[in-house]
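Undergrad: In order, the protein sequences belong to chains A and B.
Under numbering that gives the first Met the number 0, the first residue of the first sequence is numbered 0, with each subsequent residue one higher.
Under numbering that gives the first Met the number 0, the first residue of the second sequence is numbered 0, with each subsequent residue one higher.
Simulated from the structure, these hints should not be mistaken for lab results.
Errors might be hidden in some of the hints.
Not the full set, but computed from the structure, chain B residues with beta-carbon under 8 angstroms of chain A [what the hints assert, rightly or not]:
| hint | residue |
| --- | --- |
| 1 | G67 |
| 2 | F115 |
| 3 | D118 |
| 4 | V316 |
| 5 | G323 |
Glycine is no exception: its CB is placed at the ideal position from the N, C-alpha and C atoms.
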Amino acid sequence: MDILPILATLRRHKITALLIVLEIALTCAIVCNAVFLIAQRLHRMDMPSGVAEHELVQIQVVDIGDRPDAKARGEEDLAALRAIPGVKSVARINQLPFTDSSWNNSIFLSPTQTQPTLNATMYFGIDVLKTLGAQLIAGRDFNASEYAEYRDAIRDPKLTPHVIIITQALAQKLWPGESALGKTIYFDPQTPLRVIGVVAGLIRPSLSEGEHAAQWSTVVPLRFSGGGSYVLRTDPGQRERVIRAAVTALKTLDPKRIFRQQRTLDDARAEFFQGDRAMTGLLVGVIVALLLVTGLGIVGLASFWVAQRRRTIGVRRALGATRANILHYFQTENFLLATIGIALGMVLAYGINLVLMLHYELPRLPWFYFPAGAIALWLIGQAAVLGPALRAAAVPPVVATRTV
Amino acid sequence: MFAYYIDLAVRSLKRNKALTALMVLAIALGIGASMTTLTVLHVLSGDPLPGRSAHLFYPQIDPRDMNGYQPDGEPPGQVSWVDGTNLLRAKRAHRQALMTGGQVPVQPAQANLDPFYVDARYTTADFFPMFDTPFEYGRPWTEAEDEAAARVAVISSSLNRKLFGGKNSVGQVLRADDVDLRIIGVLADWRPNPHFYDLYLGRYGENEDVFVPLSTSQDLKYAHSGSVDCWSSGGQENMKTAPCTWLQLWVQLDTPAEFESYKSFLIHYSQEQKALGRFQRPPNVRLRDVMQWLGYNHVVPADVRLQAWLAFGFLLVCLVNTVGLMLAKFLRRGGEIGVRRALGAARRAVFEQLLIEAGIVGLAGGIGGLLLAVLGLWLVRQQPADYAKLAHLDPMMLGVTFALAIGASLLAGLLPAWRACRIAPALQLKGN
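The following block holds chain B by itself, in its conformation from the complex:
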């Protein structure tokens, strides 16, 4: 019966090609636009570290003076050197890493390559095991190397390709800002997006090419980049004592109990610092996990959200359009439906048959929409935004596209089919 209905539907659709094309085009345009923006939204609001992100937390405390104090204010988004190292050394979490961003000039040994700047991350050792970074060659540095401010570096696979042709470069020298660093590890391709661990340096896009122990970077006075927030003037020459927040601290807490105990540790720490006179405000702490931290920072660009709403508005117009056209089409076949009903077709059978016709329009619209979405995403990738390169269709969004297309056209077919199957057979036959 199903095959017969499909045959009937195809015949009916063929009868009025322009109209069928119009319906398919409307659905395809609506689906194409929605899927393009939805895919971008999906990619941008994705989990950068699936499986691990729920155990990674970002402690925030409020070390500022009473200037500008508001009782319900948020603590700063980063930590100062003193607090960062205090919390790091306390080792109250399973793992913890203190880090900040920077840029270093790399001076290749090859004469034919000019020196160039790369983004760098200055961090303590737990960064690698905590974020589960894959290594192509070598190893991360150890806590002892952190303590000793060892002249070591881990580099990205793309920098390894550029400097060493992709060969195992462990033990080689990386000359950075006139200092020789020993390469001890090469990362495999690792690009968590959004760039969750430091949102102050571009939220999407490429990751750092050079990783250096935080202590080493401070010894060598490597240039810092990122946000620096200071709350009183003076004393900003030495960033290790300055009243400024400029580092990110991440901790790994595996159980709810660990979370609770770490949170009370942060409150306790704030109280202690207040008693010592370093802090002036009442304890104000936050302990957000990765996804909460991304949500709090509204990491998805406002324009992308606006585009998604726009696309759904467009899809709605396309659907209303399709409902109207289908209604007109089905009602015009009153005669045919009347004959079928008079010959004994159940109302339900007519309804099913018309819905199948709607579904076929949806399927064709879905295929068209998919092609348009592929084209749309290609256009998005040509945009200058930092997230543009990430816009690719994945299997899940492919499924969503077809589900949305067929669902939307079935929905659009529902009212017309219902109206059409309620045609009184006798009346139609009389009219003819």
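Chain A on its own, in the form it takes in the complex:
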């Protein structure tokens, strides 16, 4: 197929051709970035937590009034929860993944450092690792003698714990390529903590520090009573029953308290990422609408061109052009316009991506989005032009002999 006559024709419809090119370019640019945003959100929603998510249940109860016997009562609660059939492990933990409220500490690598190296979250309670199911990959868990009372620790820096367990991600960030075991970090100059264990992963309760910091977590041996949540580990199929049994057991022990949270960690995760899910849905909607509008626009303009050139088509047919020739003519024309639009769209997509990278925590658009976007728009262009092109091919040669 010779493209020169097509170019000659397009030169006579410069503005319309330019508009189609522009529309395809804009659509290509927006769709590439929107698909990329969707991929990012899906990736984020799929973020590993490092804990045994499908086995965990959170029960948060709060006392009413001042309870001087909170410590003894906490022990009773724990004993009652442990006695529930099917419960493998119970712990009272200060915070949990996917709850959006986080306990953070500045981390220093030396007592004389003035700027913190980073900030990491702090999990504490007894049996945190065992109950959450975080996997130790080096070192050991805390032993009983290493635990300190939270109340004492906040009063006097000398009573804080001296050992800490950190995540592999945090270890890699603090000491790239080295083993973290035996190294010391500081929450402040008076509080040195020796790393005795490294876990494969343990996600922060909140992602407000950014996704790159999602796994910067520490576990310290602190005991506490009052506050936090009870976390129960059980078989996935037993969770609903365990929640009901736990609530009943806790109510029996003391009816005068308020249940603020009773859910599985799966539910917590679903709720945590609700916003991302909604945004993904919205992006999908925009992509569909964009492609639809662009596709229909091409149909509309192509139909016009076909109607406008009816006579010319008739003349060509009368001069011996086959139906296939006419069909191919319009298909090639569309392909040419789409190609120019896509080329322009790629540049635009790259530009939009750069702007997004500036304002959002987004990586660079991976290269394979460009060919994928190009193929998608070529296909849509061809699909849209097929109808009008077939109509053009159906123009009988006799049209050439008519005046209008």
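Mind docking chain B on chain A? Use the hints.
TA: Only chain B this time, still in chain A's reference frame:
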């Protein structure tokens, strides 16, 4: 003439229904998407206290030690107990209130209601006159009641409905965390959004249900919620002496002179505290008004901004699409335009007539867009975000919708109409 042009336009649009529908649909989709996101953006970046917000200021000072000091850093977003009460007692502003958030368990007297938690605000007395909170019943507490840590409370109208069926509950008892508080006031519906006075506890959505004097809340050890920022370890047991910021201070300054004098007071205070050895950093103060404070905290969610940009990108594509279709449509009527021109129609008249046609498409697109925006906002309200419930179309945004729709389609019609009215009549007539 105008009516005749409209008649002509409608006839022309009817001639090719599919194409007209396509143009209207494209405009409607673009307008619907843009107006949905623009309305959300408009609602979220609105002024929580119109008329008053320019006189309300949020003092910030820097009480931290030299750890992590950077010369051009921002001071903390809240104040400590010591500084908060010092600045409050200095009374250098027309009004001032020191406050923080919390949650208290409410134990209803009715046996059929289980105890439940409500959000609470612990604040000093000026909160109510300064923020101009409307009262349904009763009154706010006084400074004397602040001083005495009186066991009093002001409750929201929704809590009043829940506990007392909406009747005047002034003088009744509110049992909160095993303590009896006397209700002295019931607020009328008051929901400033964003929740500007404490951005650390959700930025949009419902307000507190219980208001208690700050001194009372500390006496009763009511649970605090919100952000606590500490700069050295130890001594965090007693929050009144702890090196931590956890309270918000708001002041009312009515004139620029008052603003200037308060700002120099803050600097002077910082210098004084440094001389006393309490502060270590050089004075670093900020005094932002409500809108500046909201802007500084980027209160509008990033996703909402992104959605607005996305919608405008979409509108742009829809417009380019419409320009293309209109151009094709107008140029195809070259014959008709040629005849009209040959019969003496001025270029200007043809241009006007074609623009009216574009305007009608815009109007139809605007109506469609409005329906889509109403649907879009309904969808937004179904979202889980804290701001979702606020997404409602107001009369102003309704006007903007139509202005945008007609403006956009006139803009889209401009180039095609201009091109079409420049058709040489003789050439067209010859062709026919």
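Undergrad: Flag every earlier hint the structure violates by its number, smallest first.
TA: 3
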